[in-house]
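Number of protein chains: 2
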Amino acid sequence: MAIPQKVKIVEVGPRDGLQNEKEQVPTALKIELVNRLSAAGFPNVETTSFVSPKWVPQMADAADVMAGIERRANTIYSVLTPNLRGFEAALAAAADEIVIFGAASEAFSQKNINCSIAESIERFAPVAHAAKENGLRLRGSVSCSLGCPYQGEVPVASVVDVVERFAALGCDEIDIADTIGVGTPKRTKEVFAAVTQVFPRERLSGHFHDTYGQALANIYAALQDGIAIFHASVAGLGGCPYAKGATGNVATEDVLYLMDGLGIETGVDLAQVVGIGDFISTSIGRPNVSRAGKALLAKARSDQPRCA
Amino acid sequence: MAIPQKVKIVEVGPRDGLQNEKEQVPTALKIELVNRLSAAGFPNVETTSFVSPKWVPQMADAADVMAGIERRANTIYSVLTPNLRGFEAALAAAADEIVIFGAASEAFSQKNINCSIAESIERFAPVAHAAKENGLRLRGSVSCSLGCPYQGEVPVASVVDVVERFAALGCDEIDIADTIGVGTPKRTKEVFAAVTQVFPRERLSGHFHDTYGQALANIYAALQDGIAIFHASVAGLGGCPYAKGATGNVATEDVLYLMDGLGIETGVDLAQVVGIGDFISTSIGRPNVSRAGKALLAKARSDQPRCA
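Chains as they are written, first to last, in my numbering: chain A, 548 to 855; chain B, 548 to 855.
Don't read these hints as lab results, they were simulated from the structure.
Don't take every hint at face value.
As the list makes no split between identical chains, a pair holds if one copy fits it or if it spans any two.
To be verified - The calculated lysine-lysine pairs, modelled on DSSO-like cross-linking and capped at a C-alpha distance of 27 angstroms, are:
#, residue 1, residue 2
1, Lys733, Lys553
2, Lys553, Lys601
3, Lys733, Lys846
4, Lys733, Lys679
5, Lys569, Lys601
6, Lys736, Lys555
7, Lys601, Lys791
8, Lys553, Lys736
9, Lys569, Lys846
10, Lys733, Lys555
11, Lys569, Lys658
Hey, can you work out the whole structure from these sequences and the hints?
Here it is, written out as structure tokens:
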């Protein structure tokens, strides 16, 4: 199978990247981040979560962020909603896409939300129903698709099961998420080979973490299987909550550099994103963990001959 | 083509990784590093350079390092030798393999050693001849194979030309080196497709830098083309001399994690290498830039549920 000529990059930095920041990130800064990202051409920005501030204090300003951003016509603004209350707030905030989530690992589901996988997804039925009724896009995210911090190995059949459940709820798009970054290309291909049997390839996405440095190899493997939607976080925002000091979401700059090198069209301007990565890392005082970002920033700052 | 079942990992940390360290690394520490690496199972350790200390002061203790290490029967100890004087010293030190080097970029060759590519390689003829005459293995390293800090794009034909020149000198193994880490899988495949036309695939190696985060994707691409020798540097020792703060050699731990995940046999124990990466980074006061290394160290240090 030829690799896709066009790929959709979903920028998840403002939500997935920032949600674990201990220090409250000012709402104005979040708004500027989202605006800069949409201006750089991202077709989809995961913007915030409408979730109880008791759970995720960093996302307490969800409504203000959504009210403050400038809407770009070609950008889908996604938000996470764990329940109908969150959905109502998301609807009021005019979100374009509702994201629901479930783990492919029984142990993860039990430890995190104290219920089975099946129950956890059934709980989203009212949100899914409401989203479809209101004409909103619906996306389902399957966490722990390539491994679990509690049970280790996750059977491919469990991933397929969750994908089928999300499909039954009417999901327009489904994310195969390697939440803890343990996957390698072999497992990535096995999982995509299985889930493409039950859900259209063109509506599946890869959400990879770079915790073990494997994200770009996995993305390349998934591209070879025709997957054409990938998630990434500018500057690699968001660490791994399961390993202090370890890397989390794959950096958007690294993914864009790969796509550019492969001649794949994304509609996103790498140079602008490198600037955004520098801006947000500096603003929140966090190291920029994008390798391409750091190399291109070093190159821009130097008058000397340099890396490319 | 099926990916190889066995891969040879050439550990280059003691030479390529350490050579740019500003602070002199104690000879005893270098010896311990090499000993630990060979004990972890590496079939080949690039140990030091017999080069003028005026050029590379960090390698001034080459003879002492070679004299101090414990030789493991199944490990090849490689050394760089720029000239016959270096070769004689390497021979006296009982090196197993002599490494010679040349750039595929005319601009790089002119700027660095003030001569053409052809001249630069011709200068190695006496060393190559002496190596063969003394029954030593000979390896040629083609730098700037995927791009150059001065001229940017490097024609594939230039890489092929250097490979042919190295082959004519009798090289047993030839490295395709992405010295500045700018390559992506498309270019990687183009270059390997061309060089395998003129030199046996099983004696070609991939030497990738992770400056733009692409190294593992490139390695995966090269594996798919049957390349079965890869270079890596423990803890990602060695930065990019062309971009301060940017990443250099791909980290061995990340490469081993990939190989393990793909079910490829390397004979090297990842857990031991993670420990070596921690040891050398701590000893020389340098951040460990291996993602797999950091994640596995965090996991080992934590009692909490964690990344795998």
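Any hints from earlier that this structure breaks? Give me their numbers in increasing order, please. 2, 4
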